[in-house]
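Chemist: Sequence:
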Amino acid sequence: MSFEHLPERQARLAQDLYEELRAASDADIRAMAELLATKPDDELFGEAEFQLRDMVHRVGAKALQAAAMQRKKGGM
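Last residue of the sequence shown? That's 77 in the numbering used here, and every number before it is there in order.
Derived by calculation from the structure, the hints in this document are not laboratory data.
It is possible that some hints are incorrect.
List of simulated lysine to aspartate or glutamate pairs, DMTMM-like, C-alpha gap at most 20 Å [what the hints assert, rightly or not]:
hint : residue 1 : residue 2
1    : 63        : 42
2    : 63        : 9
3    : 40        : 29
4    : 74        : 29
5    : 63        : 21
6    : 73        : 21
7    : 74        : 27
8    : 73        : 27
9    : 63        : 27
Between beta-carbon pairs, the in silico distance windows are [said to hold, decoys possible]:
hint : residue 1 : residue 2 : range
10   : 39        : 75        : 23 to 33 Å
11   : 64        : 37        : 29 to 39 Å
12   : 13        : 38        : 12 to 22 Å
13   : 43        : 17        : 37 to 47 Å
14   : 51        : 5         : 19 to 29 Å
15   : 39        : 72        : 15 to 25 Å
Please read these numbers as outputs of a predicted model, since none were measured by experiment.
Idealized CB from N, CA, C, for every residue including glycine.
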């Protein structure tokens with residue numbers, strides 16, 4: 002992923018945040034893949050949707066937390 006369209010400082014911060022988020026959310030993404038791969042067609046929606054939504058919310062919470070910590074450290 003390239004952040005060339007951003008000013009240099011923002012691109013650097015975005016790259017740092019991206020790398021941190023990738024590492025922090027890897028287990029969540031693997032869990033999503035496992036959930037979706039193991040559900041039969043007739044169970045893909047319904048309860049699985051709610052499970053997937055919860056996983057996505059966890060990744061979003063990690064993103065917000067990482068961004069807040071980056072700013073607290075003086076990143077922005």
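Chemist: Hint by hint, say whether it matches the structure.
Modeler: Cross-check of the supplied hints:
1. About 30 Å separates the Cα atoms of residue 63 and residue 42, which puts this hinted pair outside 20 Å; it is violated.
2. About 24 Å separates the Cα atoms of residue 63 and residue 9, which puts this hinted pair outside 20 Å; it is violated.
3. At roughly 17 Å between alpha-carbon atoms, residue 40 and residue 29 fall within 20 Å of each other, so this suggested pair holds.
4. This hinted pair does not check out: residue 74 and residue 29 have alpha carbons roughly 25 Å apart, beyond 20 Å.
5. Taken as a hint, the residue 63 and residue 21 pair is honoured in the structure, with Cα atoms around 10 Å apart against an allowance of 20 Å.
6. Between residue 73 and residue 21 the alpha-carbon distance is near 15 Å, which keeps this suggested pair within the 20 Å criterion.
7. Of the pairs offered as hints, the one joining residue 74 and residue 27 is violated, with about 24 Å between alpha carbons and a cut-off of 20 Å exceeded.
8. For a cut-off of 20 Å, the pair hint linking residue 73 to residue 27 is broken: about 24 Å separates their Cα positions.
9. As the CA atoms of residue 63 and residue 27 are separated by approximately 11 Å, the hinted pair is consistent with the 20 Å bound.
10. The beta-carbon spacing between residue 39 and residue 75, approximately 44 Å, falls outside the hinted interval of 23 to 33 Å.
11. Remark: the range hint 29 to 39 Å for residue 64 to residue 37 is contradicted by a beta-carbon distance near 21 Å.
12. Against the hinted window of 12 to 22 Å, the Cβ-Cβ separation of residue 13 and residue 38 comes to about 36 Å, which falls outside the hint.
13. In this structure the hint that residue 43 and residue 17 lie 37 to 47 Å apart at CB holds, the actual value being about 43 Å.
14. Remark: the range hint 19 to 29 Å for residue 51 to residue 5 is contradicted by a beta-carbon distance near 38 Å.
15. The beta-carbon spacing between residue 39 and residue 72, approximately 38 Å, falls outside the hinted interval of 15 to 25 Å.
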